[in-house]
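Participant: Now for the letters of each chain:
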Amino acid sequence: MKIRIKFRKWGVMKFIGHLDMMRHFQKAMRRADIDIKYSEGFSPHQIMSFAAPLGVGLTSDSEYFDIEVNSTMSSALAVAALNAVMVEGVEVVSYVQLPDTAKTAMSLVTAADYALSYKEGYESPYSAEEWKQIVEKEFLKQPAFTITKKTKKSEREVDLKTLVYDFYVEEQEGKPVFFLKVSTGSTDNLKPELVVSSIYERMGIPYHENAIQIHRLEVYTRDDSGNLLPLDALGTEII
Amino acid sequence: MRKLALSDEILMQVEKPARYIGNELNSVVKDTSQIRFAMCFPDVYEIGMSHLGIQILYDMFNRREDTWCERVYSPWPDLHKIMKEQNIPLFGLESQEPIKNFDFVGMTLQYEMCYTNILQILDLAQIPLLASERTDSDPIVLGGGPCSYNPEPIAEFFDCFYIGEGETQYNRFLDLYKSMKESSSYSRKKFLHEAAKIEGIYVPSFYEVSYKEDGTIDRFTPLYDDIPVRIKKQVDMDLTESVYPNKPVVPFIKATQDRAVLEIQRGCIRGCRFCQAGMIYRPNREKGLDRLKELARNILESTGHEEISLSSLSSSDYSELEELIHFLIEECNKKHINISLPSLRIDAFSLDIMSKVQDIKKSSLTFAPEAGSQRLRNVINKGLTIDDILGGAKQAFEGGWNKVKLYFMLGLPTETEEDMRAIPELANEIAALYYDTVPKEQRNGKCQITISTSFFVPKPFTPFQWATMLEPKDYLDRARIVNDHVKEQLNRKSIRYNWHEPDVTVLEGILARGDRKIAKAILYVYEHGGFFDAWNEFFYYDLWLEAFDACGIDIDFYTKRPRGDEEIFPWDFIDVGVSKAFLLREWKTALSESVTPNCRMRCSGCGARQFGGGVCFENQN
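Top to bottom, those sequences are chains A and B. Here the first sequence stands for residues 2 to 240, numbered as in the working numbering. Here the second sequence stands for residues 12 to 632, numbered as in the working numbering.
No wet-lab data here; the hints were simulated from the structure. Among these hints, one or two may not hold up.
[Unchecked claim] Restricting the straight-line Cα-Cα distance to at most 27 angstroms, the calculated cross-link-like pairs of lysine-lysine (DSSO-like) are:
id, chain 1, residue 1, chain 2, residue 2
1, A, K28, B, K208
2, B, K373, B, K265
3, B, K14, A, K10
4, A, K38, B, K367
5, B, K304, A, K38
6, B, K265, A, K10
7, A, K28, B, K258
8, B, K95, B, K27
9, B, K345, A, K28
10, B, K367, A, K192
11, B, K265, A, K28
12, B, K208, B, K243
13, B, K41, B, K189
14, B, K414, B, K372
Hey, can you work out the whole structure from these sequences and the hints?
Facilitator: Now the structure itself:
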C-alpha cells in the first residue's frame, strides 16, 4: 500500500539537511510503529522517497515523501502516532493513501510556492509598495527576463518568465514579502531566490542571501488537464 | 522556540550547523534550574555524541528536579575562529546560553590527545584556563573519565576531578553545592574543601607535590588534615540496578556510533598487562540479563535506532551472552534492526551468530593477538594461542569467510626482531590455512589478511607502567621490519599491512605518564594555535617539541627513562583498588614470560576484592 506523508519544518530544524531528515523519519517510522515495507536483500532499507529535497536554511509548510506499508492505521491515528515521536520544528500534517498505480512524488513535482521574507535584523531597501511597482515594471510587464545561469559545467541563458508562474508582493508586519510560484522538479528547477536576486541586480543593489528567509508553502503536480494540484490531493484519507 | 546562540549567517557558513543547534530527540529542556551543569566532551559533536558515559550521566543528572544538565562539544575550527573573532561565548546545546554562567562545567577525558581541547572549551567559554585564576562567579570545572586516573598533567586546569564511576557520589556532590548555595555559605574555596572530603573527589590545589633532584616525586601531601591522603576510586557495585538511560539522545547528523548501546558489563577478567581499562575498572561486574532485555526494548522503542550494539571490554566473557544474543536476534528481526557485534572470541558459537547477523561475503573476522609470537603474548598476558587463532580461522573459512583482520602492537616490552617477524609469519600461516582448507572451486577469490599495528603506549595503573618507550624513528624501524618481512612471505599477495604514525605515540606517552610540570607545555601548545590533536590534520608534532623545549621539559624523562620499583608515580595517590604491589608483581611476571590466569580461573589477589562484589565473589553466595 502506498502512502504519502506531508510535514512542516520550521525553526532550528531548517539547519537539518535533506539526508538527515530522511534518517530522522526512518527512525520516526520505527518509533511510531508504522508498518513500513522494507526492501529485500541482506541489508534491507525502508521504502521511502522524498518529493523535492529542501535545502539547508529553508523552512516549509509542505514537504512530501512517499512510503510503502504492509498494513496501516487510520490517517488520523498515523498522524498522531508520528507527531507523538517528533521533535520541535517538525509536524506531520497529513498521511494519505495513494492508488497502487501512483507515480513517485519525486517524478510528479512540477511547481512550488514560496514566500521570501526579510529576517529579523535585516531591512528591505524598498517598502512593500515600492517593491510592488518594481516587480510590475521590471519583471511582470517585461516580455522576457533573461539571465545567465551558471552551473559547474556550463553557462546558459534562461528566461525566468517562462519558469515563474506567479509573482506578487505583500506587506506583512511592516516588511515586504515576495510570493512566487515557480517551476520545480528534475527539469527546469528554479530557485526562487534567483528571481529576487536577479531583480536586485537589475536595480543595481547588492543582494545579501542571509537577509532573506525562504519558506516553501506548497508543492504541486499537474493533473491531466494541466491544473496544479497539491501533492497530497492525489491521495485519500484512511478512515 | 529557543533562540539560537549563533546567527543564521554564522550557521549557514560553518560545516554541519546541526552540531550546534541542540533540539535532538530525547534531549532535555527545562525552564531553568537551580543547578546548571554543562557536560562536555572535548572533541567534535559526532565523536562526543557517540559516548555512552555522557548519556548515562546526562540521564542521571536530569532526573534531579533541581539540576539541568546540558551538552557541550568542541566547536570545529571553522566555528572556533568565528567565535574568537566575534567574542561569542561557548553555550550549552539545550539552552543555548553561555556556560560561563553555569554552576559546573564537567569534562569527560577519554584520551590524552584531547587535552588541548579542554583549553579550547574553557577559552571559548570565557572561563579562566587556570583553576587558580577563577573566582566565585566562575563555574566549578571538573574532570572525569579514564584520563583522570592520572590527572596531574592537566591538574592546573581543573578545580576538581571525580575519580571513578559517576553513579555513586555525584548526588552527594550536588547536594553539598546546593546546600552551601542555599545557606549563602558558598565560596569556591569552601565548597572545594568540603567536596574534597567526599570519597572519590580530588581537588588538585589542596595537594602539594615536591620533587627529588632527579625530577621524580619525593612527596605528595594534602595541605589540610581533614582531607584524604589517597583518593579512592568509585565503583558502582550493582550494575543491574544502576541508572541507565531508557531514552538516549538521538542526533540528527550521523554520529560515529549511530546506534543503541547496551552496556552488558564493566571491567574485564582477562588481565592483559598493557590494558588500563582492564585494571582500573576492576572488579568485573555484569548487568543482569532481564534488565538488559528491558533496556534493549525501551531504548529501541524510544530512539527508533536501526542498530543495536553491545558495550563491554570482552563480550565473550559475559556469562549469559548466548541467551542475550538470541533474545536480540528475535527482537530485532521483527523490526529490521541490525545487531552489531563487538569483537567476539572466534569460536563455533560466535561464527554461528555472525553468520546470522552479518553478510559473510562482506564481513571479516577479527583477531587481536596483539603480539606475533607466543613468547611475547605470554609477556603481555594475552591468553590467545596459535591454536585458538588457527582453529577459529579454519572454522570460519569452512563457514565461507575469507577476510581476516589482525591487530598487533609494536614496541611492547622485551620485543625482539623475532617477535616482529612473527607477525607476518602468523598472517602467512593463516593465508596458507585458507588455501589448504577451502578447495579451489569453492573459493571466493583470494583470502584477504589485513595486519594493523599500533605502537604500544605504557599507561598508569597497568603492570607496564614501569616500561620504557622508544624514539619515533625506532618505532618506524619496527614497522619497516614487519613490512619488509610481509614481502618475504609466500602468501604476500593475500596480506596487507597498515601501521600508525609514531609521533602521536610519543606524545600520548608523555601525557599519559606525565606529572604536573607538563601542564605548561599543554598551555603553550594551545596558546600557539594547537588543538584538535586527536585529528591528524590538526596535529602539529613540531609545535609540541617547541613547547617542551620552551618549557624546559625533557621528553626522555617521561618516555625512555627506566623507572625504578620504588619510584613514586604522579598517579600513586589514587587508590584504584588494584594494588601497586600486584602491578609490580605482574611486571616481574611479565619479564619472566609467564602468564597469570584470568579472574574466573583463579584469583591473583590484585586487591579489587575489597569492593565486595563482582567476579571476585562469583559462585560464593
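Participant: Does each hint hold? Answer for all of them.
Facilitator: Structure-based check of all given hints:
no. : hint             : result
1   : K28/A to K208/B  : 46 angstroms, violated
2   : K373/B to K265/B : 22 angstroms, holds
3   : K14/B to K10/A   : 16 angstroms, holds
4   : K38/A to K367/B  : 21 angstroms, holds
5   : K304/B to K38/A  : 26 angstroms, holds
6   : K265/B to K10/A  : 20 angstroms, holds
7   : K28/A to K258/B  : 14 angstroms, holds
8   : K95/B to K27/B   : 19 angstroms, holds
9   : K345/B to K28/A  : 15 angstroms, holds
10  : K367/B to K192/A : 48 angstroms, violated
11  : K265/B to K28/A  : 12 angstroms, holds
12  : K208/B to K243/B : 11 angstroms, holds
13  : K41/B to K189/B  : 18 angstroms, holds
14  : K414/B to K372/B : 8 angstroms, holds
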